[in-house]
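Q: Heads up: the protein sequence lines correspond to chains A and B, in order.
Residue numbers for the first sequence follow UniProt numbering, so the first one is 1 and each next one is one higher.
Residue numbers for the second sequence follow UniProt numbering, so the first one is 1 and each next one is one higher.
A couple of the hints might just be wrong.
To be verified - Estimated spans, in silico, between C-beta atoms of each pair:
no.: 1; chain 1: B; residue 1: 12; chain 2: A; residue 2: 553; range: 20 to 30 Å
no.: 2; chain 1: A; residue 1: 593; chain 2: B; residue 2: 22; range: 29 to 39 Å
no.: 3; chain 1: B; residue 1: 25; chain 2: A; residue 2: 24; range: 44 to 54 Å
no.: 4; chain 1: A; residue 1: 442; chain 2: B; residue 2: 129; range: 48 to 58 Å
no.: 5; chain 1: A; residue 1: 309; chain 2: B; residue 2: 37; range: 38 to 48 Å
no.: 6; chain 1: A; residue 1: 141; chain 2: B; residue 2: 129; range: 21 to 31 Å
no.: 7; chain 1: A; residue 1: 113; chain 2: B; residue 2: 22; range: 43 to 53 Å
no.: 8; chain 1: A; residue 1: 482; chain 2: B; residue 2: 37; range: 25 to 35 Å
no.: 9; chain 1: B; residue 1: 74; chain 2: A; residue 2: 102; range: 31 to 41 Å
By construction, these hints were calculated from the structure, which means they are not laboratory data.
Just so you know, even glycine gets a beta-carbon here, dropped at the ideal spot from N, CA and C.
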Amino acid sequence: MGSQGGFYQSKEFLDLVKSIGEARSKAEEDRIVLSEIETLKRRISEPDTPKRKMKEYIIRLVYVEMLGHDASFGYIHAVKMTHDDTLLVKRTGYLAVTLFLNEDHDLIILIVNTIQKDLKSDNYLVVCVALNAVCKLINEETIPAVLPQIVELLAHPKEAVRKKAIMALYRFYQKSPSSVSHLVSNFRKRLCDNDPGVMGATLCPLFDLITNDVNSYKDLVISFVSILKQVAERRLPKAYDYHQMPAPFIQIKLLKILALLGSGDKQASENMYTVVGDIFRKCDSSSNIGNAVLYECICCVSSIYPNPKLLESAADAISRFLKSDSHNLKYMGIDALGRLIKISPEIAEQHQLAVIDCLEDPDDTLKRKTFELLYKMTKSTNVEVIVDRMIDYMISINDNHYKTEIASRCVELAEQFAPSNQWFIQTMNKVFEHAGDLVNIKVAHNLMRLIAEGFGEDDNTADSQLRSSAVESYLYILGEPKLPSVFLQVICWVLGEYGTADGKYSASYITGKLCDVAEAYSNDETVKAYAVTALMKIYAFEIAAGRMVDMLPECHSLMEEFLASHSTDLQQRAYELQAVIGLDAHAVESIMPSDASCEDIEVDKALSFLNGYIQESIEKGAQPYIPESERSGMLNISNFRNQDHHEASSHGLRFEAYELPKQTVQARIPPASLASTELVPVPEPVYPRESYQTTTVPSVSSDAASTELKLRLDGVQKKWGRQTHFPSTSTSNSTSQKTVNGITQVDGSNTANSRTRETYDSRKQVEISPEKQKLAASLFGGPSKTEKKSATGHKSSKPSSHMVKSHAPKSSMEVASEKTSPVQQPPDLLDFGEPTVKSTAPSLDPFKDLEGLLEPTTQVSSAVNHSSTAAVTKSPDIMGLYTETPAGAHHKDSDILSGLSNSPMTNMVGGTTTMQVAQSSKSPNLKDSLEKDALVRQMGVTPSSQNPNLFKDLLG
Amino acid sequence: MIHFVLLISRQGKVRLTKWYSAYSQKERTKVIRELSGLILTRGPKLCNFVEWRGLRVVYKRYASLYFCMCIDEDDNELEILEIIHHYVEVLDRYFGSVCELDLIYNFHKAYFILDELLIAGELQEPSKRTVARLVAAQDSLVETAKEQTSSITNIIAQAANV
Numbered sequence: 001m002g003s004q005g006g007f008y009q010s011k012e013f014l015d016l017v018k019s020i021g022e023a024r025s026k027a028e029e030d031r032i033v034l035s036e037i038e039t040l041k042r043r044i045s046e047p048d049t050p051k052r053k054m055k056e057y058i059i060r061l062v063y064v065e066m067l068g069h070d071a072s073f074g075y076i077h078a079v080k081m082t083h084d085d086t087l088l089v090k091r092t093g094y095l096a097v098t099l100f101l102n103e104d105h106d107l108i109i110l111i112v113n114t115i116q117k118d119l120k121s122d123n124y125l126v127v128c129v130a131l132n133a134v135c136k137l138i139n140e141e142t143i144p145a146v147l148p149q150i151v152e153l154l155a156h157p158k159e160a161v162r163k164k165a166i167m168a169l170y171r172f173y174q175k176s177p178s179s180v181s182h183l184v185s186n187f188r189k190r191l192c193d194n195d196p197g198v199m200g201a202t203l204c205p206l207f208d209l210i211t212n213d214v215n216s217y218k219d220l221v222i223s224f225v226s227i228l229k230q231v232a233e234r235r236l237p238k239a240y241d242y243h244q245m246p247a248p249f250i251q252i253k254l255l256k257i258l259a260l261l262g263s264g265d266k267q268a269s270e271n272m273y274t275v276v277g278d279i280f281r282k283c284d285s286s287s288n289i290g291n292a293v294l295y296e297c298i299c300c301v302s303s304i305y306p307n308p309k310l311l312e313s314a315a316d317a318i319s320r321f322l323k324s325d326s327h328n329l330k331y332m333g334i335d336a337l338g339r340l341i342k343i344s345p346e347i348a349e350q351h352q353l354a355v356i357d358c359l360e361d362p363d364d365t366l367k368r369k370t371f372e373l374l375y376k377m378t379k380s381t382n383v384e385v386i387v388d389r390m391i392d393y394m395i396s397i398n399d400n401h402y403k404t405e406i407a408s409r410c411v412e413l414a415e416q417f418a419p420s421n422q423w424f425i426q427t428m429n430k431v432f433e434h435a436g437d438l439v440n441i442k443v444a445h446n447l448m449r450l451i452a453e454g455f456g457e458d459d460n461t462a463d464s465q466l467r468s469s470a471v472e473s474y475l476y477i478l479g480e481p482k483l484p485s486v487f488l489q490v491i492c493w494v495l496g497e498y499g500t501a502d503g504k505y506s507a508s509y510i511t512g513k514l515c516d517v518a519e520a521y522s523n524d525e526t527v528k529a530y531a532v533t534a535l536m537k538i539y540a541f542e543i544a545a546g547r548m549v550d551m552l553p554e555c556h557s558l559m560e561e562f563l564a565s566h567s568t569d570l571q572q573r574a575y576e577l578q579a580v581i582g583l584d585a586h587a588v589e590s591i592m593p594s595d596a597s598c599e600d601i602e603v604d605k606a607l608s609f610l611n612g613y614i615q616e617s618i619e620k621g622a623q624p625y626i627p628e629s630e631r632s633g634m635l636n637i638s639n640f641r642n643q644d645h646h647e648a649s650s651h652g653l654r655f656e657a658y659e660l661p662k663q664t665v666q667a668r669i670p671p672a673s674l675a676s677t678e679l680v681p682v683p684e685p686v687y688p689r690e691s692y693q694t695t696t697v698p699s700v701s702s703d704a705a706s707t708e709l710k711l712r713l714d715g716v717q718k719k720w721g722r723q724t725h726f727p728s729t730s731t732s733n734s735t736s737q738k739t740v741n742g743i744t745q746v747d748g749s750n751t752a753n754s755r756t757r758e759t760y761d762s763r764k765q766v767e768i769s770p771e772k773q774k775l776a777a778s779l780f781g782g783p784s785k786t787e788k789k790s791a792t793g794h795k796s797s798k799p800s801s802h803m804v805k806s807h808a809p810k811s812s813m814e815v816a817s818e819k820t821s822p823v824q825q826p827p828d829l830l831d832f833g834e835p836t837v838k839s840t841a842p843s844l845d846p847f848k849d850l851e852g853l854l855e856p857t858t859q860v861s862s863a864v865n866h867s868s869t870a871a872v873t874k875s876p877d878i879m880g881l882y883t884e885t886p887a888g889a890h891h892k893d894s895d896i897l898s899g900l901s902n903s904p905m906t907n908m909v910g911g912t913t914t915m916q917v918a919q920s921s922k923s924p925n926l927k928d929s930l931e932k933d934a935l936v937r938q939m940g941v942t943p944s945s946q947n948p949n950l951f952k953d954l955l956g
Numbered sequence: 001m002i003h004f005v006l007l008i009s010r011q012g013k014v015r016l017t018k019w020y021s022a023y024s025q026k027e028r029t030k031v032i033r034e035l036s037g038l039i040l041t042r043g044p045k046l047c048n049f050v051e052w053r054g055l056r057v058v059y060k061r062y063a064s065l066y067f068c069m070c071i072d073e074d075d076n077e078l079e080i081l082e083i084i085h086h087y088v089e090v091l092d093r094y095f096g097s098v099c100e101l102d103l104i105y106n107f108h109k110a111y112f113i114l115d116e117l118l119i120a121g122e123l124q125e126p127s128k129r130t131v132a133r134l135v136a137a138q139d140s141l142v143e144t145a146k147e148q149t150s151s152i153t154n155i156i157a158q159a160a161n162v
């Protein structure tokens, strides 16, 4: 089809597009568009514009709006165009309104009528166009207007209509689940549609439904499995093949659904094992779509009840992903690894180097994904390295959205796994310093509480050490020019409570600092308030200790300023400070006891200490107190206020819609009660049986209809009669609990494991190995790492770390020996079905493993790995690269798909080039690489293809 | 779910936008500006995915055109990459070795095709042939409508098409 110039477009329009294309600056483009808008405004409102002209104007409006300008003046004309009789015009009208209007636009109400009419059309193309519009435009309020017709269309003879009707219904479900809750059985019915397209479309709503309520759909497991099996066996028409894969998009949807259904359900999962295993085997891992399906398989395997064989296939696929040269596949591999380590944590160790390479990759996307993985595999042994890395990255980025996320992750990890108080405080300081305005205020409160309470150890000296170190670090940080408000609040509070506690700093020094803070951040009232209170505490402690208080001159001037402040809060605090300073030591001590922030203040609500005084007064003839409620004839102020309030709330607009006309309600009732029979997969006319049900089991039908007609009483305590609760979906609860149990069991043992492991200080490895291996070791730290080190622990002072250093070579040998066992059986060597479960089992005998060290297995295996990656290499991006065109780009011959036709060729080229790269990179420096190799073996890791020069000696 | 589809040229010119989630006109402009800054500057060897406001944007470059789709975090990025490719293949089949110019002048056609491919932010039709057949049916009807505007002949033509 010769497309140049397009269909029925005037020269004017072509010129417009052309001039926009040639515009050299945004300003020029804007000028052209604005003058176009003027023209359109004038033309479009002229009477008797021919239809074809009008259609073109509308398309020009779409164009203008696409370029980011406002075309709202023409919306009404687009709406009018949908009324037209000819499909030609109608289609354009619908296209325009779906692009222009969001579902909450006022004009939608004008289109509903047209849509209703078009849905009834006997031309299926008109119906299709209308259904497209329904998906985009119909909102919660207008759903009832078209719903009956949509339901009718589910049985339309044309598959295109059925498919769109399903999607429309799905959209309704998303917007307002209750509006179509009685129709969900239709989705089940359509699953058996003859047309694969309709069946495929049905999977979308079913996925959502199953996400929300797994247990009602367990009966469909068998059906889904058999559909997936048929798809994988190429039973669908050839037209659904995509790059030689049988209907991959449908496979992916089905795998997603199975993952939900099999999660924590052994019985359901067992049905899936065969088919998922088949797909693993059949997937073509050299094409992008094949890998997409593989990835989905991994997701499915890691979600359903674990099966060793499948986990092994998944691990294989992951290692293929990670060793690929394509960044996309690495990304997917990292993501998949994050899913799988929940079930088998040990697999991460095989991929240490690949993970570290991704972490250091210049590609931000990959880096972030890797942080996500590290976040998932953090435990007390590696928390320091991971959090340090995260913070470094956090400091380096500007993207506030991600900064917030990573900051809160740092805080979460630090709170959960902190090896020492000191480290915790340092970490928090860094987070606050660089992202203080982005973290939740609760985090700051937590930090204050932690400093006040300590870690709950009996040892008081540790707590006071913690506080002194906090004070010291804060005094140091205050030198920074600009600090976030939240962080300053923490600093002020800590300085106030503990600034003078250890006697290292004088009161005047601390107060001076506090005054500086209040002055430097004079437009932040919260910080100032914190500072004043801190000042008050310091002075109070001084007075209580019997020392003379002389206020600094800057403090005096600050107080004067605050006493006249506009902020009543600041004023009050300043007056309080003044009052406290004037009191004697005894009084001050009871008002402001030192280090009492954690003590609970007990409030005597009954004011019992006044009893004696009351007794005395009554004896003297005073009136006894009458509770407010018992008083009569008195002006009841609070009552008055209540009334006022009540009236205010009862006035105002009512936003809820008027009740629907009777008819629709009636139409709804039968389907609503129909819902009770939903478990029957294909609900045929069941009215007689249903009425029988209502009589015998009234609770069932009332339950189903309750959403429409009655108050919802599930879970609500009965007001009258015996105290009981309505059971709320008890069945689902019990099963979901089972689900959770299945997982938590694994998790539980996991964390228990990591708890028993001793803290491993990464810094000790610094001196003996290059960066990367060190990082690997600290991230993936071996299982039973060195009891010795726990003795030095995290609070190790400098001399003791020297001691450890001298031991380091020995301990690293041990480490290596313990880690070689997984290396001996890397899964890619045993690709042919031999189970590698052994490799995952933690080694018990370090000496046996030591022997393994001497065998050259690592070398061989890694060499094989490397060459296999080069062969497998596949580069989907290459296509795009090869089809580079000059900047002009407006040439007919810049064929978008030119790369597509010869993609196998380019793939091959990609493969060979990487081979060449690998070969060329293994030139000189043999000694260096030998050393590296030795280190790698010492660390007991399988290097990935990312470090080709590690194996120069073997390949050269 | 796909939240929106964007086609941006290498110079940052917008070629097509389709929004499946609600974004106001102001937000749309902002989104396009942010994303073109993010995507157009990326090197060729990097991932075809970008993280953006807690969502993922999958993009692929064909000649001088970037096809971008924004998805949820838990969607399958590789699959979306293939959906983009699927769309390009359908366009290619429709226009006959498609180029950017086809899309510039016939962007409404590109919209019609996209409407047959995606609906409500989900892939509705995985078969290229079905999509092509539907779009062709609409077009042929348009042709007849163009030739004979009288409504009676139109009805007959429609009936013949059904």
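Q: None of the hints should be skipped; say for each whether it holds.
A: So, going through the hints one by one against the coordinates:
no.	hint	in the structure
1	12/B to 553/A: 20 to 30 Å	59 Å, violated
2	593/A to 22/B: 29 to 39 Å	56 Å, violated
3	25/B to 24/A: 44 to 54 Å	25 Å, violated
4	442/A to 129/B: 48 to 58 Å	56 Å, holds
5	309/A to 37/B: 38 to 48 Å	47 Å, holds
6	141/A to 129/B: 21 to 31 Å	38 Å, violated
7	113/A to 22/B: 43 to 53 Å	23 Å, violated
8	482/A to 37/B: 25 to 35 Å	27 Å, holds
9	74/B to 102/A: 31 to 41 Å	25 Å, violated
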